[in-house]
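Model the placement of chain U on the given structure of chain H, informed by the hints.
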Amino acid sequence: MKKLLVAVGLLAATYYLPACKSGPKDADIKTEVQAALSAQPGYMGVSVEVADGVVTVDGEVADPAAKSGLQSRVESVKGVKSVKDNTSVAAPPPPAEPVIAADDPLTKGVADAVKDYPGVTATVNDGVIALSGEIKAADWKKLKKSLDGLRPKKTDPAGLKIK
Amino acid sequence: MALQDKYRELLDTAKTAGVSNFQVIERDGVLYIDGEAPSGAVKDQLWNLYDKIDPNFLAGDVVMNVNVAASAPGTKAKVTTEKSNLNIRKGPGTDQPVIGKAAHHSIVTLVSKTNDQWWLVRTEQGEEGYAYAEYLTPEA
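Residue numbers (numbering that gives the first Met the number 0), protein chains in the order written: chain H, 0 to 162; chain U, 0 to 139.
Honestly, the hints are just simulated from the structure, not real lab data. Fair warning: there could be bad hints in the mix.
Derived list of chain H stretches under chain U, where covered just means 3 residues or more per stretch with a C-beta under 8 Å from a C-beta of chain U [as the list claims (entries may be wrong)]:
id, segment
1, 86–97
2, 106–114
3, 138–148
Here are some, though not all, of the chain H residues that point toward chain U, as calculated from beta-carbon distances under 10 Å [unchecked claim]:
id, residue
4, Ala34
5, Ala38
6, Pro151
7, Lys153
8, Thr154
9, Asp155
10, Ile161
Idealized CB from N, CA, C, for every residue including glycine.
Chain H on its own, in the form it takes in the complex (with noise of 0.2 Å):
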């Protein structure tokens, strides 16, 4: 009798338990989780797992936004019962360079552009333009402007008696 029993309640183990554990299962879970995070910018960096419902979502996110995004799109995932969030946020990409023309090109262009002001020399060295001499106000307006236009690192009238 006792035997019947414990066959009977293994039977029911064997077909009842797996019902119990209602809802999606984890390796579901775990492509609905990511297909929802690859949907939105941000995450490209991240892994997903899932054990018995609880998310963990490790590596890095784009930015904060992402970041503070993130709990609830996975949350809004069908089975999901907790998120562990264990991303960090992603370094910001280095600000844009200025584009500072080669030497040559602009020594080149510095000679074009201060041919018609005698009286004014202008050397270049590392990108910067270094002037010298002596111009009239309003040709020296001109002339930063064409300067300018040729992309220095810097265009340096230290050396120039603006008349």
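Quick look at chain U alone, frame taken from chain H:
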């Protein structure tokens, strides 16, 4: 960011005036301002503001490369030299031979813009060559 504060009025004006591809980079004590102005008047306005904030540009802490949006080929431009004629050269550079002259205040036709400094133009006499863009003012 100190330079951006110093030139705040200039930067704000550029934005409200509709300068496109507007880019401001501050690096090693120099503020690089790039963009395309919708008109020559806007470009002049920006340079006037720059001159107001830093009279005669003596601080040397700005490199401003704001061009007027490219004029279409076929645009007419006036030769705005002080009083002399404008050299028309074989190639873009003062080392190139002079192949013709465009008279002071005459009108040339823009063929193409080689770069911001040199434009390929055709004179009223039909000579084609390169002229220094600073002395050409596109007609509206």
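Tested hints:
Coverage of the segment 86–97 of chain H by chain U holds. Counting CB-CB distances below 8 Å, 4 residues qualify, and the rule asks for three or more. Three residues within the 8 Å Cβ limit are the bar, and the segment 106–114 of chain H against chain U gives 6, so the coverage statement holds. Counting residues of the segment 138–148 of chain H whose CB falls under 8 Å from any CB of chain U gives 8; the rule of at least 3 is met. Taken as an interface hint, Ala34 of chain H does not check out: its beta carbon lies about 37 Å from the nearest beta carbon of chain U, beyond 10 Å.
Given hint, Ala38 of chain H at the interface with chain U, is violated; its Cβ is 31 Å from that chain's nearest Cβ, farther than 10 Å. For Pro151 of chain H, the interface hint holds, the least distance from its beta-carbon to any beta-carbon of chain U being 6 Å, beneath 10 Å. A hinted interface residue such as Lys153 of chain H counts as satisfied when its beta carbon comes closer than 10 Å to some beta carbon of chain U; here the least separation is about 5 Å, so the hint holds. The beta carbon of Thr154 of chain H is positioned within 10 Å of a beta carbon in chain U (closest approach about 6 Å), and the interface hint is therefore held.
Hint on Asp155 of chain H holds. Least Cβ distance to chain U is approximately 5 Å, under the 10 Å limit. The beta carbon of Ile161 of chain H comes within 5 Å of a beta carbon in chain U, closer than 10 Å, and the hint placing it at the interface holds.
Checked against the numbered hints listed earlier, the structure breaks hints 4, 5; every other hint is satisfied.
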